[in-house]
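Chains A and B, in that order, give the protein sequences. According to my numbering, the first sequence holds residues 1 to 355 in order. According to my numbering, the second sequence holds residues 1 to 355 in order.
Which stretches of chain A does chain B cover? Using the computed rule of at least three CB atoms under 8 Å from a CB of chain B, they are:
hint: 1; region: 198-209
hint: 2; region: 215-228
Here chain A is said to cover these stretches of chain B; the calculated rule only asks that three of the stretch's residues, wherever they fall, bring their Cβ under 8 Å from a Cβ of chain A:
hint: 3; region: 206-218
hint: 4; region: 297-307
Pairs of lysine to any residue residues, derived as SDA-like cross-links and limited to a Cα-Cα distance of at most 25 Å, are as follows:
hint: 5; chain 1: B; residue 1: Lys315; chain 2: A; residue 2: Leu235
hint: 6; chain 1: A; residue 1: Lys315; chain 2: B; residue 2: Ala215
hint: 7; chain 1: A; residue 1: Lys315; chain 2: B; residue 2: Val30
hint: 8; chain 1: A; residue 1: Lys315; chain 2: B; residue 2: Leu235
hint: 9; chain 1: A; residue 1: Lys315; chain 2: B; residue 2: Ser155
hint: 10; chain 1: B; residue 1: Lys11; chain 2: A; residue 2: Pro308
hint: 11; chain 1: A; residue 1: Lys315; chain 2: B; residue 2: Ala233
hint: 12; chain 1: B; residue 1: Lys315; chain 2: A; residue 2: Arg190
hint: 13; chain 1: A; residue 1: Lys315; chain 2: B; residue 2: Asp24
hint: 14; chain 1: B; residue 1: Lys186; chain 2: A; residue 2: Val314
hint: 15; chain 1: B; residue 1: Lys114; chain 2: B; residue 2: Thr129
hint: 16; chain 1: A; residue 1: Lys186; chain 2: B; residue 2: Val314
hint: 17; chain 1: A; residue 1: Lys315; chain 2: B; residue 2: Asp218
hint: 18; chain 1: A; residue 1: Lys315; chain 2: B; residue 2: Gln214
hint: 19; chain 1: A; residue 1: Lys186; chain 2: B; residue 2: Asp313
hint: 20; chain 1: B; residue 1: Lys315; chain 2: A; residue 2: Gln214
hint: 21; chain 1: A; residue 1: Lys126; chain 2: A; residue 2: Glu19
Think of the hints as simulated: they come from the structure by calculation, not from any bench. Note that the Cβ used here is the ideal one computed from N, Cα and C, for glycine as well.
One-letter residues, chain by chain:
Protein chains: 2
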Amino acid sequence: MAGLDESGRPKAVRWENDELYLLDQTRLPVEVVIERQDTVEQVWNSIKQLKVRGAPAIGVAGAYGLVVAMLHERVSGRDAFLAALEQHACYLDSSRPTAVNLRWALERVVNTAKRSDAASAPSLLKVITDEAVAIHREDEELCRLIGEHGVDLISEGAGLLTHCNAGRLATSEYGTATAPMYLAHKRGVRFRIYADETRPLLQGARLTSWELQQAGLDVTLIADTMTAYVMDAGLIDLVIVGTDRVAANGDVANKIGTLGVAILARHFGIPFYVALPFSTIDFNTPTGAEIVIEERDPDEVRSFGRRPTAPPDVKVRNPAFDVTPHHLVSGFITDRGMVGPPFAENLRKLYVTEV
Amino acid sequence: MAGLDESGRPKAVRWENDELYLLDQTRLPVEVVIERQDTVEQVWNSIKQLKVRGAPAIGVAGAYGLVVAMLHERVSGRDAFLAALEQHACYLDSSRPTAVNLRWALERVVNTAKRSDAASAPSLLKVITDEAVAIHREDEELCRLIGEHGVDLISEGAGLLTHCNAGRLATSEYGTATAPMYLAHKRGVRFRIYADETRPLLQGARLTSWELQQAGLDVTLIADTMTAYVMDAGLIDLVIVGTDRVAANGDVANKIGTLGVAILARHFGIPFYVALPFSTIDFNTPTGAEIVIEERDPDEVRSFGRRPTAPPDVKVRNPAFDVTPHHLVSGFITDRGMVGPPFAENLRKLYVTEV
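Build the full structure now, drawing on both the sequences and the hints.
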């Protein structure tokens with residue numbers, strides 16, 4: 001079936017026989033709906049409506065979206081092709097203007113076409129298709145490398161906790177926080193994963209517990225109030241989370257609730273790891289104090305799946321992220337290797353080595 | 001309007017002109033419905049269906065329920081009255097068999113009738129009515145005393161956090177954790193309260209934020225994932241929670257999530273207080289390790305209000321309570337006064353003094 005991977009599991013983004021398939025994540029876990037994307041307008045809507053989400057997955061979907069757009073363009077000649085391509089890139093970018101990965105992926109496809117010496121529309125179409133596939137493959141490779149560098153943290157019989165969704169639904173494959181888990185599972189290690197539900201948007205309940213269960217991993221869902229309980233009961237040996245941005249000193253911005261999990265892990269002496277592609281480290285942000293925390297719609301907290309659960313006019317705080325100070329982090333699992341403290345020094349080293 | 005207090009606010013339990021009114025807490029905060037209880041069967045159902053909840057409030061409702069029952073009994077003579085009274089007490093007790101306060105209140109009403117020298121049905125009816133009112137007043141007085149002993153903890157401009165609902169909806173008046181807050185408010189102290197929503201049953205969102213808002217207090221609702229964030233932001237100076245049972249050494253059993261809040265408070269150097277009537281201290285339970293934690297229906301975590309939020313068959317843990325070790329508690333606010341560490345010694349002292 002189109003949109004499934006080799007093991008028959010739905011993928012967030014799949015390219016098959018020149019057709020793009022996206023899994024509608026807004027309908028998970030109640031329904032598994034895979035939609036073929038027939039027009040660029042449909043791709044735009046899928047990104048806008050969060051049917052596809054997670055920075056890497058959005059970038060890949062956008063790149064393929066350009067191919068979908070150009071497959072339907074009746075242009076001939078290089079100049080007409082490039083003009084239409086740029087127009088579609090600009091359009092797709094407007095679907096989620098703050099998604100850095102989306103813009104990056106669209107620009108990369110456009111620039112590759114411009115730099116190529118392909119003269120005809122069909123040959124340019126091949127160039128951009130190859131580039132979209134390359135972006136996709138590279139993202140898969142980053143996830144695989146994160147998995148390789150973190151897999152040895154997971155020993156037979158271990159209990160893991162993760163927060164929010166930094167899984168394969170947010171990336172091309174394997175995810176970030178989940179990459180070591182998928183790889184350990186593939187290698188036959190038996191272990192348990194606890195996924196907290198991650199209020200207010202419930203990514204842990206809706207997405208993480210679903211994708212891990214789909215892949216045959218041993219996952220248990222808990223409410224966010226139960227994290228201390230399962231740690232106290234000795235069920236957790238290791239925490240792995242993803243991140244939206246890491247400051248140069250190792251402070252970690254991630255989904256609201258991450259800071260609480262990190263403090264509880266420290267209290268119970270449980271190692272706390274952060275998994276990420278190296279590109280998520282922002283060397284222009286010296287510390288977490290410089291990271292501005294977005295405050296979201298109060299109705300997300302006043303309701304649960306659109307069902308009101310609080311007085312309609314009660315005051316609410318709804319920060320989308322929090323910042324975990326670097327001293328609560330045991331290590332970073334990156335595609336370039338594992339990084340331990342002192343983070344300011346060791347993260348920089350990793351950067352310099354590569355340049 | 002019947003069922004409202006002097007300030008026009010709905011009360012969990014109200015006795016007025018020989019009529020019992022209960023606030024249907026299952027419909028909060030969407031609807032405020034106050035139901036007159038016309039029959040003992042209706043009272044039984046109101047307790048069974050959690051329309052009235054919280055140990056002290058259930059006890060008071062049960063005592064008045066006996067009066068409602070006997071108001072409709074066509075019995076004459078002492079023996080017939082007492083026989084019918086015992087029958088109704090047994091029936092009401094079956095509505096929530098594990099509610100210790102309910103049994104205690106019913107037995108107290110029955111025993112008072114038995115011990116009295118009233119010979120006629122009308123005079124016995126007066127005896128049990130007076131006793132039910134006495135139980136109600138005593139509960140109000142306990143709450144008031146908890147308030148008196150805790151009110152000085154709340155200073156002008158302070159930020160407080162509470163978990164779950166240990167408020168006036170669970171008691172006759174003032175609540176336990178909320179008693180110092182209501183009293184400070186009455187005295188004109190200006191302060192802010194943060195109520196976490198308390199998954200899975202959302203008592204913080206549905207009940208605490210509602211009752212504090214109704215009473216004109218400055219309350220802000222947060223998701224459970226945001227507790228560390230608001231503490232880190234310097235918004236919280238003090239935590240006050242209620243409890244279901246305190247062991248002789250000061251270990252505290254309370255709604256799931258309390259342990260996490262206590263650990264975060266310790267991390268940020270924020271005092272953590274527990275408010276309770278003295279009767280909640282169980283000297284027969286030496287430590288928290290002996291307290292058995294009830295595991296509830298997994299669907300509470302997989303859904304909210306019958307709306308699925310997770311895969312229908314995903315594994316779940318759903319402990320109803322957790323145990324906060326005494327070393328994380330700054331003090332106990334009781335009706336007999338404030339108790340500081342060492343708790344094993346000081347709680348016992350309070351007990352001995354009184355005997």
